[in-house]
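Mind docking chain B on chain A? Use the hints.
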Amino acid sequence: MSEIASRVLEGHVASGARVIRWLEDGERKGVEALKVLYPQSGRAHIVGITGPPGAGKSTLVDALIAAQRKRGRRVAVVAIDPSSPFSGGAILGDRVRMQRHATDPDVFIRSMATRGQLGGLSRTTFEATAVLDAMGYDVVMVETVGVGQDELEVVDLAHTTLVVNVPGLGDDIQAIKAGILEIGDIFVLNKADRPGADEAEKVLLTMLHLRDAAEGAWSPPLIKTAAALEEGIDALADACDAHRADLEARGALAEAAATRGEHFFLELLRDFAAEKIIDRATEGASYPKLLAAVRAREIDPYTAAEQLVAAI
Amino acid sequence: MPRIRVLLAKLGLDAHTIGVTVIAQALRDAGMEVIYSGLKQTPEMVSSTAIQEDVDVVGLSSLSAAHMSHFPRVVELLREGGAGDKLVLGGGVIPEEDEQELLAAGLHKVFTMGTETGEIVAYIQDWVAQRDAAS
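Quick mapping for you: the protein sequence lines, in order, are chains A and B. For the first sequence, our numbering gives the first residue as 1, with consecutive numbering after it. For the second sequence, our numbering gives the first residue as 1, with consecutive numbering after it.
Accuracy of the hints is not assured; some may be wrong.
Label-pair restraints from in silico Cβ distances [said to hold, decoys possible]:
#, chain 1, residue 1, chain 2, residue 2, range
1, A, D300, B, G81, 55 to 61 Å
2, A, E10, B, S135, 45 to 51 Å
3, B, E76, A, V96, 20 to 26 Å
4, A, E10, B, E101, 33 to 39 Å
5, B, A134, A, E231, 49 to 55 Å
6, A, S87, B, R131, 19 to 25 Å
7, A, A257, B, A134, 41 to 47 Å
8, A, T282, B, A104, 36 to 42 Å
9, B, G118, A, K276, 38 to 44 Å
10, B, V128, A, E283, 43 to 49 Å
These are calculated hints, taken from the structure and not from any lab test. We treat Cβ as the ideally placed atom computed from N, Cα and C, and that holds for glycine.
Bound conformation, chain B alone:
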């Protein structure tokens, strides 16, 4: 039976893991397989990990203002690696004015602080259902 696979990656230098842990557990409890690759990931590490693991979803988290340089770079590297078909989500401390720019750079959605985990679960499930219906 197919299962949704998600990579959760922390980019940049921050060491806060509580948020990413809470999301990982919520996704697991929704029946998804969550690959966690740890702290201080570079865009190169994230994209090659996403390809090796063949995930459906890449969730990027940054709390240290690394998002503007790192998030778009992940999207670019995934496309170059022939894996542009993945859902790329961003989260963390992201100012509103950055959000539009990230979406323009190819992120599908940005979840800011205070988002309910149920909202993220539902977004992923809907996206996967639509993708599968289209194929």
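Chain A extracted, bound-state conformation:
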């Protein structure tokens, strides 16, 4: 076993942080370490936190860290912010709200930039959660970028997905339209001390009741919180525990882990396959000609791409 992987398994913080960095940067050493770590993962409760920008996700995560620590659990957080599409750089400021936990040896917080990934996660969020899981953290929280209506990748990653809303987002609560309503295992109405909270609660409850639910299935609760005041946080932590217990009781936890492995695998397969095919396709003599033809609009992009792939 590689030396660094064994240190990660012992929970050594700097080593875990370094392996995540290697994975993020696409360094082979990271993949080698992950191969050792992955079989040791699968114990942590992975909780996704998603919702529109300004909903208070980071403050909520901060309060949840405190609640989980009171329950004696070791907690890791992956907090994701967008990369600039222009420079590729990023300003990652989620942890400003969580810094009171910075020196707690049982809390690990990692900021990640999306690095061009759409869907609310970063390119290597899956890998990072596997490393943190293998390090022995009991709960791994993943805070997505502020999402709109179809950035729902977190569902493939988390056992339990929290969808955070706030009062005053508009009469029909734009942010929970369509997709995002279906993905929540727990709905949070944060900033519930603000005006408009009762109306927002009514709308949310109505929409939740309209959800098709199979007999005996988990019924997503709506929890009101004021994270900045630490109100409602224990109830929220209870709901997270209840959802995990429900998954366990129905044997769905193993199924969720299996599905997560499958998604991870398929995504890698797509990446590797695309890389190989693009390498092969662009090596050939016909590639520069086709590219020139596409640029000159002498051929449509569909036909050009089909021709190249067919020639492999």
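Quick look at chain B alone, frame taken from chain A:
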């Protein structure tokens, strides 16, 4: 693809964020990932944050005369935590006579008031390039 990661931290009690914001934006525009950890950070918070985030660079800012006690302490804590390989920079209101002492304590460079952001960007890029060439 590797990206340079930088932690920017404000030590001490001052609440001035304009300078640190300007630097954060300049570093982002140069393609770096900047982790900002907020105001009133202690050396302990800064060093554990730098380790968890595995940054290449730690940028310390102080406008309230906390630099002489706090900056060297960050360097010390990073070394103790096995993270002595990071570039540690200081900035803010720092009298000339303090600069030498800070450099002796292990800071790589001190940028005083009026430094162009481009100079900081170039310094970081050069340091990282040299480090990577050496490894």
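For each hint, the structure was consulted:
Distance hint for D300/A and G81/B: a CB-CB separation of about 57 Å, consistent with the stated range 55 to 61 Å. Between E10/A and S135/B the Cβ separation comes to about 25 Å, which falls outside the hinted range of 45 to 51 Å. Between E76/B and V96/A, the C-beta spacing of about 25 Å keeps the proposed range 20 to 26 Å intact. For E10/A and E101/B, the hinted distance range of 33 to 39 Å is satisfied, since their beta carbons lie about 38 Å from each other.
Taking 49 to 55 Å as the suggested C-beta distance range, the pair A134/B and E231/A conforms, at roughly 53 Å. For S87/A and R131/B, the hinted distance range of 19 to 25 Å is satisfied, since their beta carbons lie about 21 Å from each other. As the Cβ distance of A257/A to A134/B is approximately 42 Å, the hint placing it in 41 to 47 Å holds. As the Cβ distance of T282/A to A104/B is approximately 54 Å, the hint placing it in 36 to 42 Å is violated.
Checked against the hint of 38 to 44 Å, the C-beta distance between G118/B and K276/A comes to roughly 41 Å, which is consistent with it. In this structure, V128/B and E283/A break the distance hint of 43 to 49 Å, their C-beta atoms being roughly 32 Å apart.
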